[in-house]
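Q: Now that you have both chains on their own, put them together as the hints suggest.
Chains A and B, in that order, are what the protein sequence lines are.
For the first sequence, the residue numbers in the numbering used here are 143 to 284.
For the second sequence, the residue numbers in the numbering used here are 5 to 116.
No wet-lab data here; the hints were simulated from the structure.
Being a predicted model, the structure only gives us computed values, none of them experimental.
Be a bit skeptical, because a hint or two may be false.
Partial selection, computed: residues in chain B whose CB lies under 7 Å from chain A [to be verified]: (1) A85; (2) G93; (3) R102; (4) L103; (5) V107; (6) E108.
Beta carbons are placed, not taken as given, at the ideal position from N, Cα and C, and that holds for glycine.
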Amino acid sequence: MEEVSITRSVELEAGVDDVWQAVTTPELLSGWLEGEVDVDVRPGGDGVLVEPEGTVRRMRVDEVEPPRRLALQWWPEDGSGPASTVELDLQPTPGGTRLVVTETLLAPTPLAAKASSAAGSRWDVRFLLLGCSLLRVAAASR
Amino acid sequence: MTPDGLDAVFSALADPTRRDLVARLVREGPRSATTLARDLPMTRQAVVHHLQSLDDAGLVATTREGREVRYEATPEPLSEAVAWMLRTGARWDRRLDRLRQQVERRSGPPAH
Chain A
143 MEEVSITRSV ELEAGVDDVW QAVTTPELLS GWLEGEVDVD VRPGGDGVLV
193 EPEGTVRRMR VDEVEPPRRL ALQWWPEDGS GPASTVELDL QPTPGGTRLV
243 VTETLLAPTP LAAKASSAAG SRWDVRFLLL GCSLLRVAAA SR
Chain B
5 MTPDGLDAVF SALADPTRRD LVARLVREGP RSATTLARDL PMTRQAVVHH
55 LQSLDDAGLV ATTREGREVR YEATPEPLSE AVAWMLRTGA RWDRRLDRLR
105 QQVERRSGPP AH
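Chain B on its own, in the form it takes in the complex (with noise of 0.2 Å):
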């Protein structure tokens, strides 16, 4: 995936809409647009809509049973990105505990 996959995945997730299909298409598995929009305050039309945002994104992926058609979760692509976040983040944390540890220990608290 290239730099604008990610971007993808982040601006379709920008959106609580759209993370809430995401959240729900894991939780229950695969659904087809019509069962989605049943539990949900909107049209079918609206359900597809970011239903396809998500497809562009490769946050679900399509399947074609009869003449429906399921979405179904496939999240690696955030989970690419949110490994880097927990890595980073977690370095960081060490990082500036030694940090606290050392400017504290030289210089003491700053005089008021």
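The shape of chain A in the complex, shown without the other chains (with noise of 0.2 Å):
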């Protein structure tokens, strides 16, 4: 089975710890995950991020392994969009430490049942072929 996910993979001039620190303080999420973040970071734990424009996402964390690797679900709170799961996964490099986020769709938004040959539809040929990259890209480095 294929999954719609994406994957970002950076290089932090910081250690392990410092980023575990980051990733699981829910004052240090609130600083760069955009929004107020309250969890409880234990597996089954529950957690809510307040959005800047107000929406509420919820969370659940699935795995904490320190300083290596959580998981966790989350979902807008008012349905506005689909539930997915995100794994940040963290490991020493010799300048500091790499993090690798993967968020995968849970269970995609509802779409268009099987599009109609209507002739007068139009769409972007470029963003087609953007997404067939982006396959591309997402199959090689699996």
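A: Laid out in structure tokens, this is it:
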């Protein structure tokens, strides 16, 4: 099965313990995650992220393996968007820490039923081809 | 479309031949399997088989023109998935920029 997911990897000039603090301490999370965070960082723990525009995002922590891995699920409380899983993996590097973030759709947004072949329907070819290249990148990085 | 529908979109496009077929239909407009097979190193039957997978995923639609079935690309389901990927990726880019500033300000380079 092909998953709908995105991955980002960053090299941080900070020790793995400092990065772990930044991704598991609510006050520090609030500083970079876009919103106010309150979360009980243990497996099964609940959390909430109030985004700047007011969206309330509920969280449930799935995995906590200090200082290497944190996995959670989150979803907008009002059901305005899909639920997804977020995995944060930390690896010590000579220069600091590599943080790999993977967010994967859990319940995709309802999509239009099979599109009709209306002659007037227009779409952006570059966008489609970009999609295809993203899929190739996703496949190559597995 | 159900979650199964989105799976179908992604598995249909996991195959390079099917990506090529969709790209051709987007570029060149509606085509019959016979016309497509003429430009590709495969049989008409193989082309039809791939088009069927794309049809199941909602990525192509068929119209009958006389004795011919013509296939047309309908990439809306893909756009939805790609839109999510672009939006979500952009958010993480912003978040990770801020995280970098935050942790590097806080701890400085680690001791070796």
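Q: Does each hint fit the structure? Answer for all of them.
A: Here's how the hints hold up against the structure:
The restraint placing A85 (chain B) at the interface with chain A holds, with a minimum CB-CB distance near 5 Å, inside the 7 Å limit. Restraint check, G93 (chain B) versus chain A: the minimum CB separation of about 4 Å is within 7 Å; hint holds. Taking 7 Å as the C-beta cut-off, the interface hint given for R102 (chain B) holds, the closest approach to chain A being about 4 Å. The closest approach between the C-beta of L103 (chain B) and any C-beta of chain A is roughly 4 Å, which is under the 7 Å cut-off, so the hint is satisfied.
Checking V107 (chain B) against chain A by beta carbon gives a least distance of about 4 Å; that is within 7 Å, so the hint holds. Below 7 Å, beta-carbon pairs count as interface contacts, and E108 (chain B) has one with chain A at about 5 Å; its hint therefore holds.
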